[in-house]
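2 protein chains.
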Amino acid sequence: MKKSIFYHAGCPVCISAEHDIVTLVGESNVEIVNLGEDRSKLDTAENAGVKSVPALVTPNGNVLHINFGASMADVRG
Amino acid sequence: MKKSIFYHAGCPVCISAEHDIVTLVGESNVEIVNLGEDRSKLDTAENAGVKSVPALVTPNGNVLHINFGASMADVRG
Numbered sequence: 001m002k003k004s005i006f007y008h009a010g011c012p013v014c015i016s017a018e019h020d021i022v023t024l025v026g027e028s029n030v031e032i033v034n035l036g037e038d039r040s041k042l043d044t045a046e047n048a049g050v051k052s053v054p055a056l057v058t059p060n061g062n063v064l065h066i067n068f069g070a071s072m073a074d075v076r077g
Numbered sequence: 001m002k003k004s005i006f007y008h009a010g011c012p013v014c015i016s017a018e019h020d021i022v023t024l025v026g027e028s029n030v031e032i033v034n035l036g037e038d039r040s041k042l043d044t045a046e047n048a049g050v051k052s053v054p055a056l057v058t059p060n061g062n063v064l065h066i067n068f069g070a071s072m073a074d075v076r077g
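Quick note, the sequences are listed as chains A and B, same order.
End of the first sequence sits at 77 in the UniProt record's numbering; the numbers just go up one at a time, nothing left out.
End of the second sequence sits at 77 in the UniProt record's numbering; the numbers just go up one at a time, nothing left out.
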């Protein structure tokens, strides 16, 4: 199966959701991207449709926004 | 693994998220509850911490609110 990508920004809401998602989906099925640290991925995430973090982009390209940590504008600062 | 419970209310946002979650987590690992049809589960869902649907309650009791379909107040009507 193609991997999902979990985008977060290091906030507490994100970390909590990350643990849940990794447990549910399986560590080997998810790539984790911290947009707070890896800012070169911000454009990639927004182009994929990510409007807030944490968010999970599924293998078929759907975006699941999970809870609400921070808007992309906040992450860009 | 104890099952997760996916709560939704039949709205298009919910159905789309349901398909994604079932694909990612595996059909046998998720119980699906449609609060629009099974209104006796509304209290159970709210007591579990569900504030909007669609939402996934994980086996360890965390609530992941996914995208935003409708608030629980809207579902109660």
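Quick caveat, the hints were computed from the structure, so don't treat them as lab data.
One or more hints might be untrue.
Note that identical chains are pooled: a pair holds if it fits in a single copy or bridges any two copies.
[To be verified] With a Cα cut of at most 20 Å, we get these calculated SDA-like pairs of lysine to any residue:
hint : residue 1 : residue 2
1    : 41        : 20
2    : 2         : 16
3    : 3         : 74
4    : 2         : 12
5    : 51        : 65
6    : 2         : 51
7    : 3         : 13
8    : 2         : 41
9    : 41        : 11
10   : 2         : 63
11   : 2         : 70
12   : 51        : 70
13   : 41        : 52
14   : 3         : 23
15   : 3         : 76
16   : 3         : 19
17   : 3         : 70
18   : 41        : 74
19   : 3         : 77
20   : 3         : 60
Now the hints, each set against the structure:
Proximity of residue 41 to residue 20 under the C-alpha cut-off of 20 Å is found in neither arrangement, the shortest distances being 22 Å within a copy and 23 Å between copies. With identical chains, the CA atoms of residue 2 and residue 16 are at most 20 Å apart between copies only, with a shortest distance of 19 Å across copies and 24 Å within one. Within a single copy, residue 3 and residue 74 get their C-alpha atoms no closer than 26 Å, and across copies no closer than 35 Å, so neither meets the 20 Å cut-off. Proximity of residue 2 to residue 12 under the C-alpha cut-off of 20 Å is found in neither arrangement, the shortest distances being 27 Å within a copy and 25 Å between copies.
In this homomeric assembly, residue 51 and residue 65 come within 20 Å of each other (Cα to Cα) both inside a single copy, at 8 Å, and across copies, at 15 Å. Taking CA atoms no more than 20 Å apart as the test, residue 2 paired with residue 51 passes in neither setting, with 22 Å inside one copy and 31 Å between copies. Taking identical chains as interchangeable, the C-alpha atoms of residue 3 and residue 13 are never at most 20 Å apart, the minima being 22 Å within one chain and 22 Å between chains. In this assembly of identical chains, the alpha carbons of residue 2 and residue 41 lie at most 20 Å apart only when taken from the same copy (19 Å versus 35 Å across copies).
For the homomeric pair residue 41 and residue 11, the shortest alpha-carbon distance inside one copy (17 Å) is at most 20 Å, but the shortest distance between copies (32 Å) is not. In this assembly of identical chains, residue 2 and residue 63 lie within 20 Å of each other by CA distance solely inside one copy; the values are 15 Å within and 26 Å between copies. Neither within a single protomer nor between protomers do residue 2 and residue 70 lie at most 20 Å apart by alpha-carbon distance, with minima of 27 Å and 30 Å respectively. Taking CA atoms no more than 20 Å apart as the test, residue 51 paired with residue 70 passes in both settings, with 9 Å inside one copy and 18 Å between copies.
For the identical chains of this complex, residue 41 and residue 52 are intra-copy neighbours only, at 14 Å inside a copy versus 29 Å across copies, given an alpha-carbon limit of 20 Å. Proximity of residue 3 to residue 23 under the C-alpha cut-off of 20 Å is found in both arrangements, the shortest distances being 14 Å within a copy and 12 Å between copies. Taking CA atoms no more than 20 Å apart as the test, residue 3 paired with residue 76 passes in neither setting, with 25 Å inside one copy and 37 Å between copies. Both within a single protomer and between protomers do residue 3 and residue 19 lie at most 20 Å apart by alpha-carbon distance, with minima of 16 Å and 16 Å respectively.
Proximity of residue 3 and residue 70 under a CA criterion of 20 Å is satisfied in neither setting, with 23 Å inside one chain copy and 29 Å between copies. Taking the shortest alpha-carbon separations for residue 41 and residue 74, only the intra-copy value of 15 Å comes in at or below 20 Å, while the best inter-copy value is 36 Å. Taking identical chains as interchangeable, the C-alpha atoms of residue 3 and residue 77 are never at most 20 Å apart, the minima being 28 Å within one chain and 38 Å between chains. For a Cα distance limit of 20 Å, the shortest separation of residue 3 from residue 60 inside one copy, 10 Å, qualifies, whereas the shortest one across copies, 24 Å, does not.
Checked against the numbered hints above, the structure breaks hints 1, 3, 4, 6, 7, 11, 15, 17, 19 and satisfies the rest.
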